[in-house]
Amino acid sequence: MGIRLGVLYLALPGDQISQINLPNDLHRHLNMPYITLAERRIPVLQVDEQLSQVSAADSLATANTHYIISLAYADASGALITRFALQVDAVQKLGELEHYPIPILMQRPNSPLLGLFTDQAKQPGFVTDVQALERFFNHLIETPRDDHDYPLAG
Amino acid sequence: MTTTTLWRVELDHPLALLEPSVVELVIDGKELRVPYCHPLLQSLLWWRGQWIPVLRTTGHSPTLLVMRALNRPDCPYLALAMAKAPQRCMVTDQAFAPALPLDAADAQSPWHQCALSAVDIESRIVPIIDPALCLDEAFLEGLVTA
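Sequence order for the protein chains is A and B.
If you want my numbering, it's the 1-based position in the first sequence plus 2.
If you want my numbering, it's the 1-based position in the second sequence plus 313.
Careful, some of the hints might be misleading.
Label-pair restraints from in silico Cβ distances [stated by the list, open to error]:
1) D60(A) x L338(B): 42 to 48 Å
2) A76(A) x P389(B): 34 to 40 Å
3) T316(B) x R110(A): 39 to 45 Å
According to the in silico footprint, chain B covers these stretches of chain A (three or more CB under 8 Å from chain B) [said to hold, decoys possible]:
4) 40-53
5) 88-96
Simulated from the structure, these hints should not be mistaken for lab results.
Think of the CB as a built atom: it goes at the ideal place given N, C-alpha and C, for glycine as much as any other residue.
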């Protein structure tokens with residue numbers, strides 16, 4: 003599936019999107035924005051298109067957002083885990099992709115970008131997956147800042 | 314007396330490249346910005362059916378010189394971004410300098426780390442750059458902190 007965050011165009015495995023919500027599905031408990039999935043509260047994160055910071059979704063950004071996607075992956079036992087949801091501008095089904103590597107020397111540690119692709123319209127984007135995003139978000143969250151100290155759901 | 318063809322490049326310091334290192338000059342190429350990556354390697358150039366990294370050390374630099382990085386199978390080509398096109402020049406054997414100047418104002422330039430040799434161009438000793446050495450991590454860090 004393809005998702006867009008501003009100008010950032012990402013592709014991730016379709017089975018890793020466990021639910022798609024609209025902005026009015028967003029709830030808040032104190033300062034925690036969340037959506038509900040199988041009676042669990044899933045925190046909603048936002049990330050900028052430069053991948054420079056991640057934070058809890060704020061109301062202003064949510065108002066301009068089109069979708070909230072819950073991201074899941076299978077753990078070692080095969081159980082599906084959804085630990086966070088992400089605000090995105092667009093979600094689309096992708097057809098056949100052409101894949102290209104990102105030169106290793108360009109990459110910073112913990113980058114969520116696993117490779118490049120071009121879609122059928124020859125639009126370039128970046129390949130990612132939920133584990134890479136979670137690792138990246140944890141890395142950013144662990145970087146001392148006041149504005150994105152935010153726990154992921156366990 | 315024999316002559317050698319070089320390409321002179323003006324970045325923050327003058328540089329020279331041997332002709333086999335220079336592949337193509339690309340103007341208005343298709344670039345893709347890559348978020349969260351090395352500060353000097355922030356985009357890729359679509360070139361001959363592949364994406365190659367762009368080394369950009371100066372602000373406005375729309376001209377891209379595709380260089381061949383010999384002995385780097387992981388990254389055989391690299392584009393160097395510059396404000397103006399490089400100039401081709403011919404130098405004689407006598408113009409090759411035995412060493413880079415240690416007392417010159419630009420002796421601390423990180424570009425000296427990736428110099429194969431040096432050449433006297435218009436009374437200035439200019440390093441001849443090996444593009445493969447431009448991919449060295451320590452050199453890139455040196456450029457960031459320079």
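Each hint tested on the structure:
no., hint, verdict
1, D60(A) x L338(B): 42 to 48 Å, "holds (46 Å)"
2, A76(A) x P389(B): 34 to 40 Å, "holds (37 Å)"
3, T316(B) x R110(A): 39 to 45 Å, "holds (44 Å)"
4, 40-53, "holds (count 3)"
5, 88-96, "violated (count 0)"
Going down the numbered hints, you'll see the structure goes against just number 5.
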